[in-house]
Amino acid sequence: MTAVQSETNPSASALASSGGSSKGASIHAKGISKIYGSGENAFRALGPIDLDIKPGEFVSLIGPSGCGKSTTLLLVSGLEPPSEGRVEVDGMPLTRPISEVGIVFQDHLLLDFRTALKNVMLQQEIRGLDKAELRERAANLFDRLGLKGAEDRYPRQLSGGMRQRVSIARALVHDPSMLLMDEPFGALDAITRTQIRHDLEMLWLETRKTVLFITHSIEEAVGLSDRVLVMSTSPGRIVEEIPIDLPRPRPAHLGEYPEFSRYAQQIYEIFSKLGVYRF
Amino acid sequence: MGPIMGMNRTMTEERTADYRPSLDNGREGGLLAAIGQLRGSFAGSALIALISIAALLGLWEWLAIAFDVPTWLVPKPSDFLGRLVSDWQLIVGHAVATSITIVEGFALGVLVAVPLALAISSIGALERGLYPVIVFLNIMPKTVVGPILIIWFGIGPLVAALIVFLMCFFPVLVDAMAGFKAVDRRLFYISRSMGAGAWQSFAKFRLPAAMPHIVSGMKIGVVKAVEGVIIAEFIASNKGLGFMIMQASSFMDMPLMFAGLIAAAIVALLFNGLMSVFERQMMPWAHTGH
Numbered sequence: 001m002t003a004v005q006s007e008t009n010p011s012a013s014a015l016a017s018s019g020g021s022s023k024g025a026s027i028h029a030k031g032i033s034k035i036y037g038s039g040e041n042a043f044r045a046l047g048p049i050d051l052d053i054k055p056g057e058f059v060s061l062i063g064p065s066g067c068g069k070s071t072t073l074l075l076v077s078g079l080e081p082p083s084e085g086r087v088e089v090d091g092m093p094l095t096r097p098i099s100e101v102g103i104v105f106q107d108h109l110l111l112d113f114r115t116a117l118k119n120v121m122l123q124q125e126i127r128g129l130d131k132a133e134l135r136e137r138a139a140n141l142f143d144r145l146g147l148k149g150a151e152d153r154y155p156r157q158l159s160g161g162m163r164q165r166v167s168i169a170r171a172l173v174h175d176p177s178m179l180l181m182d183e184p185f186g187a188l189d190a191i192t193r194t195q196i197r198h199d200l201e202m203l204w205l206e207t208r209k210t211v212l213f214i215t216h217s218i219e220e221a222v223g224l225s226d227r228v229l230v231m232s233t234s235p236g237r238i239v240e241e242i243p244i245d246l247p248r249p250r251p252a253h254l255g256e257y258p259e260f261s262r263y264a265q266q267i268y269e270i271f272s273k274l275g276v277y278r279f
Numbered sequence: 001m002g003p004i005m006g007m008n009r010t011m012t013e014e015r016t017a018d019y020r021p022s023l024d025n026g027r028e029g030g031l032l033a034a035i036g037q038l039r040g041s042f043a044g045s046a047l048i049a050l051i052s053i054a055a056l057l058g059l060w061e062w063l064a065i066a067f068d069v070p071t072w073l074v075p076k077p078s079d080f081l082g083r084l085v086s087d088w089q090l091i092v093g094h095a096v097a098t099s100i101t102i103v104e105g106f107a108l109g110v111l112v113a114v115p116l117a118l119a120i121s122s123i124g125a126l127e128r129g130l131y132p133v134i135v136f137l138n139i140m141p142k143t144v145v146g147p148i149l150i151i152w153f154g155i156g157p158l159v160a161a162l163i164v165f166l167m168c169f170f171p172v173l174v175d176a177m178a179g180f181k182a183v184d185r186r187l188f189y190i191s192r193s194m195g196a197g198a199w200q201s202f203a204k205f206r207l208p209a210a211m212p213h214i215v216s217g218m219k220i221g222v223v224k225a226v227e228g229v230i231i232a233e234f235i236a237s238n239k240g241l242g243f244m245i246m247q248a249s250s251f252m253d254m255p256l257m258f259a260g261l262i263a264a265a266i267v268a269l270l271f272n273g274l275m276s277v278f279e280r281q282m283m284p285w286a287h288t289g290h
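Line by line, the protein sequences are chains A and B. No gaps in the numbering here: position 77 of the first sequence is 77 in this note's numbering, and each next residue is one more. No gaps in the numbering here: position 252 of the second sequence is 252 in this note's numbering, and each next residue is one more.
Rather than coming from a laboratory, the hints here were simulated on the basis of the structure. It is possible that part of the hints are untrue.
Under the rule of at most 25 Å between Cα atoms (straight-line distance), these lysine to aspartate or glutamate pairs were calculated in the DMTMM-like manner [stated by the list, open to error]:
#1 B/K204 - A/E240
#2 B/K181 - A/D107
#3 B/K204 - B/D87
Here's a subset of chain B near chain A, in silico, CB distances under 10 Å, partners left out [what the hints assert, rightly or not]:
#4 L73
#5 A182
#6 D184
#7 L187
#8 F188
#9 Y189
#10 I190
#11 R192
#12 S193
#13 G195
#14 A209
#15 M211
#16 P284
#17 W285
From the three backbone atoms N, C-alpha and C, an ideal C-beta is built for every residue, glycine too.
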């Protein structure tokens, strides 16, 4: 169903043709953990946990604050080394930060001095990629993300939702095989969040990057993912794996699906068991 | 009041031409409405400022003549404004010397403060070791080192420039440090994920991200510099407006002292204006509106 969708969408094929669209990477992590400090003061922030993410899969990590979700993202991207265990991307052991990646954080982290387009084109400047090609890809992404007309605006002149869209464009413009998102919609209002969730899903359906999506929100996790991994705190562990079998693209109001309530219920129950919720 | 009334008429006519029903009532307001509208625009506020300054000078001139105040005690505006015109070569020469001293001291301040701020905020040991020294130097009145510098370097613009440097160095350093420290660690992660090396990380991410802080430090620095340069020239130079005023003082040449004061104000205005232009260049988003 999704393949048909991407073929009938003209901007999707344009996106693919202008980037030689790389396919999603596989992520395999075995017994990774992060321990800060040493001796008696050692604090285990994460794990050990295992991750197995297939190429092109959309996986969410959901859990309470301080469960090590963000740490997992840093370990998977190679930005921080794991204290134990190892990470493999596409079968290759990770020893330094991977570059075939786009990262979106909760804060847009755009540079105030650059216009929206120039912020996105930073990927081209730093990586030394072909300017014309990346410009075309950027134009495409701006179009897809509803950013037309915002190219020459500065981040401070954009709304929170627009900034986050620019941030997503920056993470995708160089056609990475992996998209890592750390609560990307956490700072947005509910209405914007629902729209941007849909826009991200549509982009993902067309490009099939591997996505690791970190969130607090059950709705976002179930609304976007192929698989939801539920985490517990201190130390952060993956306690449950829930495959989400809902048709795509998923609607704005997820309550349309009775299954959605079932998945949500399942996650609430796990949280209650973990003591995250005390009702 | 003649010119004001004339202006008022033009403004009213303009408003009539640009007819907007919602403002219809305001048209009846006459003078008040015109002034109210003037207040809004930049040209309007400049005009009002000019008029009030002219009125003040006129009052001053009239009082000085009416009470027959001697020129050596309080010069009339016509005296010192006249000197500003007749001695313009002398005054401009000193004003240029003062400006060069400001530029030298300020540039040195920024060039030393920003790299030092980067070093201090990047290396924890440096911060612990150097910060108390910096705080001490910052608290110390800068002009005190004047006599010491005179012994080292002799009287001249160099000493004045060094005092200006000391004055504007600290605000730039403190704000630049705050700026470098405020850079989000996750921005560093993003630069690393792009494969940026140490230099690119600094030039493309860290420095631009810290720039608003650095610019606000520079703004304070410029104010300190134009304030400090005159005092520095009083004590330690043989050139510049400060020196000229000191010399005029020893000859009881009151009109030249007042002319020097006005020239110093113009130099200060010029540098603050340049800083505003620079800020506008550096932070375009703050001015281009929506």
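Hint check results:
1. Taking the CA atoms of B/K204 and A/E240, the gap is near 41 Å; set against the 25 Å cutoff, the hint is violated.
2. Distance check on the hinted pair: B/K181 and A/D107 sit about 17 Å apart at the alpha-carbon level, within 25 Å; holds.
3. At most 25 Å may separate the alpha-carbon atoms for a hinted pair to count; B/K204 and B/D87 exceed this at roughly 50 Å.
4. For B/L73, the suggested interface contact is broken, since its CB lies about 54 Å from the closest CB of chain A, more than 10 Å.
5. Residue-level restraint check for B/A182 is violated (minimum Cβ-Cβ distance to chain A is 12 Å; threshold 10 Å).
6. A distance limit of 10 Å between C-beta atoms decides the matter here; for B/D184 the minimum to chain A is near 6 Å, and the interface restraint holds.
7. Using the Cβ-Cβ criterion of 10 Å, the hint placing B/L187 at the interface with chain A is satisfied: the shortest such distance is roughly 5 Å.
8. Interface hint at B/F188: satisfied, since its Cβ lies 9 Å from the closest Cβ of chain A, which is below the 10 Å cut-off.
9. Interface restraint check for B/Y189: the shortest CB-CB distance to chain A comes to about 5 Å, inside 10 Å, so the restraint holds.
10. A cut of 10 Å between beta carbons decides the hint on B/I190: the least distance to chain A is about 6 Å, and the hint holds.
11. Given the 10 Å rule on beta carbons, the hint for B/R192 holds: about 5 Å separates it from the nearest Cβ of chain A.
12. For B/S193, the interface hint holds, since its Cβ comes within 10 Å of a Cβ in chain A; the closest pair sits about 5 Å apart.
13. With 10 Å as the threshold, the beta carbon of B/G195 comes within range of chain A, its nearest partner Cβ sitting at about 4 Å, so the hint holds.
14. Given hint, B/A209 at the interface with chain A, holds; its Cβ is 6 Å from that chain's nearest Cβ, closer than 10 Å.
15. The interface hint given for B/M211 holds, since its Cβ lies 6 Å from the closest Cβ of chain A, which is under the 10 Å cut-off.
16. A cut of 10 Å between beta carbons decides the hint on B/P284: the least distance to chain A is about 7 Å, and the hint holds.
17. At its closest, the beta carbon of B/W285 sits 3 Å from a beta carbon of chain A; the interface hint therefore holds under the 10 Å criterion.
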